[in-house]
Amino acid sequence: GAVVSQHPSRVICKSGTSVKIECRSLDFQATTMFWYRQFPKQSLMLMATSNEGSKATYEQGVEKDKFLINHASLTLSTLTVTSAHPEDSSFYICSALYPGHINEKLFFGSGTQLSVL
Amino acid sequence: KQEVTQIPAALSVPEGENLVLNCSFTDSAIYNLQWFRQDPGKGLTSLLLIQSSQREQTSGRLNASLDKSSGRSTLYIAASQPGDSATYLCAVQVDAGNMLTFGGGTRLMVKP
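Chains A and B supply the protein sequences, listed in that same order. Mapping to our numbering: the first sequence position 9 is 9, numbers consecutive. Mapping to our numbering: the second sequence position 83 is 83, numbers consecutive.
No wet-lab data here; the hints were simulated from the structure. Quick caveat, the model's predicted, so the values are computed rather than measured. Yeah, the Cβ is synthetic: ideal placement off N, Cα and C, and Gly gets one too. You may find that some hints are simply not true.
Straight line, CA to CA, 16 Å or less: simulated EDC-like cross-link-like pairs of lysine to aspartate or glutamate [to be verified]:
1) B:Lys42 to A:Asp88
2) A:Lys20 to A:Asp88
3) A:Lys41 to B:Asp95
4) B:Lys42 to A:Glu52
5) A:Lys105 to B:Asp95
Label-pair ranges, simulated between beta-carbon atoms [said to hold, decoys possible]:
6) A:Ser54 to B:Thr45: 19 to 25 Å
7) A:Arg10 to B:Gly83: 46 to 52 Å
8) B:Pro8 to A:His85: 43 to 49 Å
9) A:Arg10 to B:Asn18: 26 to 32 Å
10) A:Ser83 to B:Val94: 28 to 34 Å
11) B:Val20 to A:Gln29: 34 to 40 Å
12) B:Asn18 to A:Ser18: 46 to 52 Å
13) A:Leu117 to B:Ala10: 45 to 51 Å
14) B:Arg55 to A:Gln29: 52 to 58 Å
Next comes chain A alone, as it looks inside the complex (with noise of 0.2 Å):
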C-alpha cells in the first residue's frame, strides 16, 4: 500500500528554536496533505490543508506565521514550528490524499511528538 513517511519522530528543543517536520509521500504524488495536531488525551485535530504549489489553508484558530507550511513538490511538505514554545508541544502529524485511489483515501505518516523545554 501507500507509504507515507513522516520525520522527525521525536524532537525536543529549547524554547525560542524552530523545528521542521517532513511529510513525504513515497510511492505516490500528492497535490494534497493534511497537517494536524493532537494535544494529550485530546482528539487528533485538523490545522491545515497543504497544496502543492499554493498557499496553505489554515483552520480557524491557528497561526499561519506561527505555523509554515511549505508543499514545494508533489512528494514533500514541511511543517516548520517557529519560534516554538512549551504550549507548541504536541503531537504532529501529516496525511497525504492519494488522488487515484478509491475515495481519494488518507495515508498518514507515523506522526512527529514535539517537547519544548
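Got chain A; can you put chain B on it based on the hints?
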C-alpha cells in the same frame, strides 16, 4: 501489531434511518479510540474521542461506545441525514504521542 478493521466498508441507507458502524481492533491495550469523518478530498474532522477508561461518548446524534475487552467500538448515528454522507474512520492510539492506527473506513451514503 495493532490492526483495526471497519465493517461494513460501504453502507447506503434512506434518510431518517438509525445506523451503526463497527470498528474492531486486535490489541485491547489502547490509550484511546477516535472516530473521524472524511469528506471527499478533505482532511479529517474529529467526531468523538473515547479514552480507554470510558465506555461511551455522545455528541448530538452521534454516540460511540467502546468495549476494550472485546476489541470493539461502534458509532451510532441517529436519524441519518443526507449531510451525514461521508467516509467514517476509527483510529486507535496505544499511547500519547504514538501513531494512530486507522481502520479502512466505512463509506456512508444517506439517500434523501
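Going through the hints against the structure:
1. With a C-alpha separation of about 25 Å, the suggested pairing of Lys42 of chain B with Asp88 of chain A is violated against the 16 Å cut-off.
2. With a CA separation close to 13 Å, the supplied pair Lys20 of chain A and Asp88 of chain A stays within the 16 Å bound.
3. Simply put, Lys41 of chain A and Asp95 of chain B have alpha-carbon atoms about 10 Å apart, close enough for the 16 Å limit, and the pair holds.
4. Restraint check for Lys42 of chain B and Glu52 of chain A: the C-alpha separation of about 15 Å stays at or below 16 Å, so the hint holds.
5. Under the criterion of a C-alpha separation no larger than 16 Å, the hint pairing Lys105 of chain A with Asp95 of chain B is inconsistent with the structure, at around 25 Å.
6. The hinted range of 19 to 25 Å is satisfied by Ser54 of chain A and Thr45 of chain B, whose Cβ atoms lie roughly 22 Å apart.
7. For Arg10 of chain A and Gly83 of chain B, the hinted distance range of 46 to 52 Å is not satisfied, since their beta carbons lie about 39 Å from each other.
8. Evaluation of the 43 to 49 Å hint for Pro8 of chain B and His85 of chain A yields a pass: the beta carbon distance comes to about 45 Å.
9. A hinted range of 26 to 32 Å for the beta carbons of Arg10 of chain A and Asn18 of chain B is inconsistent with their spacing of about 43 Å.
10. The hint said 28 to 34 Å for the Cβ distance between Ser83 of chain A and Val94 of chain B, and at roughly 32 Å that hint holds.
11. For the pair Val20 of chain B and Gln29 of chain A, the beta carbons lie near 37 Å from each other, so the given range of 34 to 40 Å is met.
12. The supplied range of 46 to 52 Å is met by Asn18 of chain B and Ser18 of chain A, whose beta-carbon atoms lie about 49 Å from each other.
13. At roughly 47 Å, the beta-carbon separation of Leu117 of chain A and Ala10 of chain B lies within the given 45 to 51 Å, and the hint holds.
14. In this structure the supplied range 52 to 58 Å is violated for Arg55 of chain B paired with Gln29 of chain A, their Cβ-Cβ distance being about 43 Å.
Hint violations for this structure: numbers 1, 5, 7, 9, 14, all remaining hints satisfied.
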